[in-house]
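Trainee: In case you want the letters, here they are:
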Amino acid sequence: MSPNRANDSDLILVNGQIYTLDPACPWAEALAIRGGRIVAVGSEASVRAAMSPQTRIIDLRNKMAMPGIIDVHNHLFFAGRAALFETRFAPNLTLNEILDEVREAASKQPPDGWVIGGIWGSGLLSELTIQARHALDDAADGRPVMLRDDSHHNRWVNTAALRLAGIDLTTPDPANGEIVRDEVTGEATGLLLEAACALVEVAVAKAVAAAPQVDIDAGAYALRRLNAVGVTGTQEAFTTSPMLAALKALDEAGQLTAWVVGSMPVVEAPFAPGEWGEALFDLRETYRSPHFRPDAGKILLDGVPTTRTSAMLEPYLADDAHGCCFRGSTTLSVPQLARALSDCESRGIAVKIHCTGDGAVRAALDAVDILRSFNGPGLMHQIAHASFIHPDDIPRFAELNVAADLSPMLWFPGLIVEAIRATLPGERVDHYWPNRDLEESGALIAGGSDWPVVPDPSPWPGIQGMVTRQDPSGQFPGALWAEQALDLATVLRAYTINPARAMRIADITGSLEVGKSADLIVLDRNLFEISVHELAATKVLATYFEGNLVYEGQQ
Amino acid sequence: MTNYFDPRLPVTLLTGFLGSGKTTVLNQLLARPELADTAVIINEFGEIGIDHLLVEAVDENLRVLNSGCLCCTVRGDLIDTLCRLWVRRDRGEIPPFRRVLIETTGLADPAPALHTLMVDRDLVDYYRLDAVVTTIDAVNGEATLRNHPESIKQVAVADRLLLTKSDLAEPHVVANLSMRVKKINPTASVQHVSHGQVDAVDMFDCEAFDPLRKSDDVRSWLEQEKQRDLALQHRSGIHHHHDEPSRHEGRIRTHCVILDEPLEEAAFTHWLDVIAAMRGENLLRVKGLVRLAEHPDEPLVVHGVQHVFHPNRRLRAWPSSDRRTRLVFITNDLPLDQIVRTFEKFAGATLNNAHALS
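Just so you know, the protein sequences line up as chains A and B, in that order.
At position 262 of the first sequence (counting the first as 1) the number is 262 in this note's numbering, and the numbers step up by one without a gap.
At position 149 of the second sequence (counting the first as 1) the number is 704 in this note's numbering, and the numbers step up by one without a gap.
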């Protein structure tokens, strides 16, 4: 039978080891693409049958190909802004070295441009006096400056920044935050703790909103980086209204080279104040575009363990500030959260709930339980950073149809895990990230980067770490809860089809099956034929999104 | 008069639709000597005809009537007004009134005022909500219920319903309306009023009339009331076609839960928090007494309007020999099975005796 013109493919990939993530046909040697969609997967003969003289053929030269990585938790705009417009320095710099960095960055900014950067080490806290603030003013030559610390929860700002943030002698401390003041004069020193950071982040957000190109450029940068590490889909994890606009603008310019699901803040949150809830939900249809779905919500139910703001079931280690029995707390009560989830669900919005403590995880599951008891079945919500989980709560993820968002990659020994040992008993830190228990209980586990909380969004170290439970860089010895290691096939699911399901884009991506978008990556090694200790070094040779080559690595 | 168990000043909220006879009732009341120890809060002096009753104008907002009653207009908001009254009473600047009557002109939805009285931090130490009295006029009442959903809510949150202008309507019309409002709110006591004449004793101390305090269970009490109304209808000798309840009324359902076994206070309170959060808008009124495992002789009083519940309060004793938990829910669009299912799950008890009352 001669091939029908109407069946011609644009592109076929042959001679590959194509790992499809389709259980019915896990490996294929060839794949055909037409109009951005997969039209055939399987043997070379079956795929060549759909060829015409116009079809381009790519010989994979026996390389492994697989679906593009889906990153379930990513802050593309924060990452892009940091890379393009902010100054990055190591947390071991002295105060004078930081001032030099600021001086250098300021020289590249317009006279009233913000100098934004990080991270400074918490060891400098006592040096951040009024005098230091004046030195910061000089270094930036009058421009406003905001510098983040190593926890990302505190800021050091200068006089111009305080003024733009509306902070003066009379400004009260916000709930859960502190404007540090000089003991004698009462003047703000420029050090802002926890929720007080919001005061200056609002001023920065205004400056950014006034220049929408900032976010468009930041987003474009981030997407290029994501494509380069093999990512073709991601859930933007805190999507404010300028970001909604930027995503649509990027799509209209043909630059949105990944499926993006946006997570709009559901309730007011200190770290990105401004519009939230209904005000944002009303904008969904304005900003929805072919590759961007504003269909998720975001709630921060607690903080982070290093600052004792995670909500825990058992107390933190005792310290002077908190005493013996402090467990942290959630930002919403269980009934409040249940109601918020119900309101989102009635609008077709699935919620990603940040829970770093096991107390917050339990509260979130309790809230979903209430939701289901009243409303019956509904959407799959997610618990982000599902890492400290009480054994009794593990089976509830599957029972309540809640996905476990595993991000950032902290499931092996490293700097942050060590920092957590300063606030939590060792025995509990040794039982961090029960990935295997979750998987075996039937929960949907989905991997993410939480970029820029990690400096690079590459999934490959995370994949290796999830298999070995050891530090892929080799810097930190030993394994973290080795019993929770997972096999490679399961981990690859956790980075492809599982996040696609959690994000409700599994109908179009996440696996290589007929009818789905041709989103795939070609790798420099066959992941199943190498030592697990070589997974982290995997290079992406090519990334295809909707059948278009969006990244090609240097050979 | 303050309740022996609760020294706070009781507050009665008088509500009712425009033209429902509220003003007439109020005018009548203000002239009575029994109101001597009452502070009455109204919107404007001009709305009610009190000039002939006036003795002294204390200031532009406060007048003492020759009955001894204090008449005060709302200044700022309700919270400010009540706080200011208290302060002046405390300082001896005004007579030591022993109860408050608030007349809510123009407030179609009484829930916000009720919530304020139930939980506002500045008020709950000094004042307690005693009762909601709603006027509905016998002549136009059915039309009002049909055309104005807010009037249904006013009936639903009432402790006492005054069917005004009873003298001006046919007996069967009065009986129909009486049945209609009882269907919406089986927990309120209904009184037929003629010429605006209401005894002070009918307005205040409403706990005495609370059907939930009676020894019979609510269902049998309702049955008695229903029989009484039917008799009134038949006595008139005229049988008219009953108008179907309006679409809005049709969704109003009263559900009743009765339970023998005691409940753990924390579990029950958790369920109340949960149902208030999830279904607050559908709960027009929740009233009842709960038998607690921890305090079997001191029933928990439950009183909620929409998503706001009174802070937990226990009575020192059961009002009657009936010591079962009994809760009445006046709901809008809330099926009984949602109440039962979630109650069993979160309050931790099996409900054998839960039924719809209407």
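Treat the hints as calculated values from the structure; they're not laboratory data.
For each residue, glycine too, the CB sits at the ideal point set by N, CA and C.
Hints are not guaranteed to be accurate.
What the hints assert, rightly or not - Sample of chain A residues with no beta-carbon within 10 Å of chain B, all distances over it, derived:
no.: 1; residue: P26
no.: 2; residue: S126
no.: 3; residue: G177
no.: 4; residue: V204
no.: 5; residue: V334
no.: 6; residue: S342
no.: 7; residue: I370
no.: 8; residue: L371
no.: 9; residue: E440
Unchecked claim - From the structure, some residues in chain B lie toward chain A, with a derived Cβ separation under 7 Å:
no.: 10; residue: D828
no.: 11; residue: V829
no.: 12; residue: M833
no.: 13; residue: K900
no.: 14; residue: G903
no.: 15; residue: N907
Trainee: None of the hints should be skipped; say for each whether it holds.
Mentor: Hints versus structure:
Taking the minimum C-beta to C-beta distance to chain B, about 42 Å, the non-interface status of P26 (chain A) holds against the 10 Å cut. A cut-off of 10 Å between C-beta atoms confirms that S126 (chain A) is not in contact with chain B; the least separation is 40 Å. For G177 (chain A), the condition that its CB be more than 10 Å from all CB atoms of chain B holds, with the nearest at approximately 24 Å. Consistency note on V204 (chain A): stated as away from chain B, and its beta-carbon is indeed over 10 Å from all of that chain's, at 35 Å minimum.
V334 (chain A), annotated as away from the interface, has a beta carbon of chain B within 10 Å; the closest lies near 8 Å. With a cut of 10 Å on Cβ distances, S342 (chain A) falls inside the contact zone with chain B, its closest approach being about 6 Å. Under the 10 Å C-beta cut-off, the non-interface status given to I370 (chain A) relative to chain B is violated; the minimum distance is some 5 Å. Non-interface call for L371 (chain A) relative to chain B: violated, since the shortest CB-CB distance, roughly 8 Å, does not exceed 10 Å.
No Cβ of chain B comes within 10 Å of the Cβ of E440 (chain A); the nearest lies about 27 Å off, and the non-interface call holds. At a threshold of 7 Å, the smallest CB-CB gap from D828 (chain B) to chain A is about 5 Å, leaving the interface hint in force. Hint status for V829 (chain B): holds, given a least beta-carbon distance of 5 Å to chain A, under 7 Å. With 7 Å as the threshold, the beta carbon of M833 (chain B) comes within range of chain A, its nearest partner Cβ sitting at about 5 Å, so the hint holds.
Given hint, K900 (chain B) at the interface with chain A, holds; its Cβ is 6 Å from that chain's nearest Cβ, closer than 7 Å. Among the interface hints, the one on G903 (chain B) is violated; its C-beta lies about 13 Å from the nearest C-beta in chain A, farther than the 7 Å criterion. Of the supplied interface hints, the one on N907 (chain B) is violated, with its beta-carbon coming no nearer than about 20 Å to a beta-carbon of chain A, more than 7 Å.
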